[in-house]
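Novice: Hey, can you work out the whole structure from these sequences and the hints?
Single-letter residue listing:
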Amino acid sequence: MGAIFDLNHHAGFIHWHFIQLSVPNVVVFIVMLVVFAAAILAPFPGHRRTGGTP
Amino acid sequence: MSASAERSWTVRLRKRAVAALPPEKLLPDGQPTYVASWIYVFGVLSLVSLALIIGTGTILSLKGPSWWHVSSIGHFFNSMHLWSVELFFFFMVIHLWGKYWMAAWRGGRSRVWMTGAVTFLVAVPCALTGYVSQQNFDAQWISTQAKDAFNSVGIGSFFNLMNFGQMYSYHILLLPLAVVGLVVAHVLLVRKHGVVPPFELQDKLNGVRRGSETEASS
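Order-wise, the sequence lines are chains P and S.
Going by the working numbering, 38 is the number at position 38 of the first sequence; the sequence numbering is gapless.
Just add 54 to the spot in the second sequence (first one is 1) and you have the working numbering.
Hints are computed from structural coordinates only; laboratory data are not their basis.
Remember, predicted model here, so these are calculated numbers, not experimental data.
From the three backbone atoms N, C-alpha and C, an ideal C-beta is built for every residue, glycine too.
Take these hints with a grain of salt, some might be off.
Ranges between beta-carbon positions, derived for each pair [to be verified]:
#	chain 1	residue 1	chain 2	residue 2	range
1	P	Pro24	S	Trp121	21 to 31 Å
2	S	Arg70	P	Val26	41 to 51 Å
3	P	Ile30	S	Arg68	42 to 52 Å
4	S	Leu67	P	Val27	32 to 42 Å
5	P	Val27	S	Asn217	31 to 41 Å
Anything over 10 Å on all C-beta distances counts as not near chain P; from chain S, calculated [said to hold, decoys possible]:
#	residue
6	Ser56
7	Lys69
8	Ala73
9	Pro77
10	Leu106
11	Ser120
12	Met134
13	Gly152
14	Gly161
15	Ser164
16	Ala171
17	Lys201
18	Gly210
Specialist: And the structure:
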């Protein structure tokens, strides 16, 4: 990881009023939202939807 | 079975356990078709991460700080332990979001929801005590900051973040025991009650149930 990102200084921060978040935390949070949306929308392998009835 | 054997606590406990969780419910060979969605995968991913955490943590506790800070294999297990914790929280929070929007406490599943929610709450101090048990400058910084936070809410006399021995005991014994115990209870309750159905299906099932009740009463 250290080879990809320069870890020899402190992380950048996003300030918005009283909210203060580090950029790595914001990145993880966005990735979580993307994975959550993908988990709901992406089709599951080997399963076809048939009108929602089990 | 004799009358005295019937009264034995082991027999009564066995009967209660089998009645609550018959073998076909405990280890089912199939799941309803609505479980075929990626959102249902995150509970199992959390379990796999937890198994990795316990496995790597056991090795770290056996070898000690001088090993995990100095040797390359120690670094490897230290990193495995950290990243499995990161993934555990990542997967567990997505699992929690999914279950929250499904209202997974429906159909008598309140205890399933509560054991899951409390597991999350207990896992947070479990991770915190790990960060302060690293035995490096990072741990010193986190423990002094967290000490101020704990003192500000008046619980600093019970949990001393600057006491490595206390934090380490919490991290490798008491809190993992609580997390694993809650997770076992959570999984057994899921097995007992089954995976929560989608809203539309529950409405249909309730309709069928109401219909059969009306038929029976007429």
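Novice: Would you mind marking each hint as holding or not holding in the structure?
Specialist: Hints versus structure:
no.: 1; hint: P:Pro24 to S:Trp121: 21 to 31 Å; verdict: holds, 28 Å
no.: 2; hint: S:Arg70 to P:Val26: 41 to 51 Å; verdict: holds, 50 Å
no.: 3; hint: P:Ile30 to S:Arg68: 42 to 52 Å; verdict: holds, 50 Å
no.: 4; hint: S:Leu67 to P:Val27: 32 to 42 Å; verdict: violated, 50 Å
no.: 5; hint: P:Val27 to S:Asn217: 31 to 41 Å; verdict: holds, 34 Å
no.: 6; hint: Ser56; verdict: holds, 46 Å
no.: 7; hint: Lys69; verdict: holds, 32 Å
no.: 8; hint: Ala73; verdict: holds, 27 Å
no.: 9; hint: Pro77; verdict: holds, 24 Å
no.: 10; hint: Leu106; verdict: holds, 18 Å
no.: 11; hint: Ser120; verdict: holds, 22 Å
no.: 12; hint: Met134; verdict: holds, 13 Å
no.: 13; hint: Gly152; verdict: violated, 7 Å
no.: 14; hint: Gly161; verdict: holds, 15 Å
no.: 15; hint: Ser164; verdict: holds, 23 Å
no.: 16; hint: Ala171; verdict: holds, 18 Å
no.: 17; hint: Lys201; verdict: holds, 21 Å
no.: 18; hint: Gly210; verdict: holds, 24 Å
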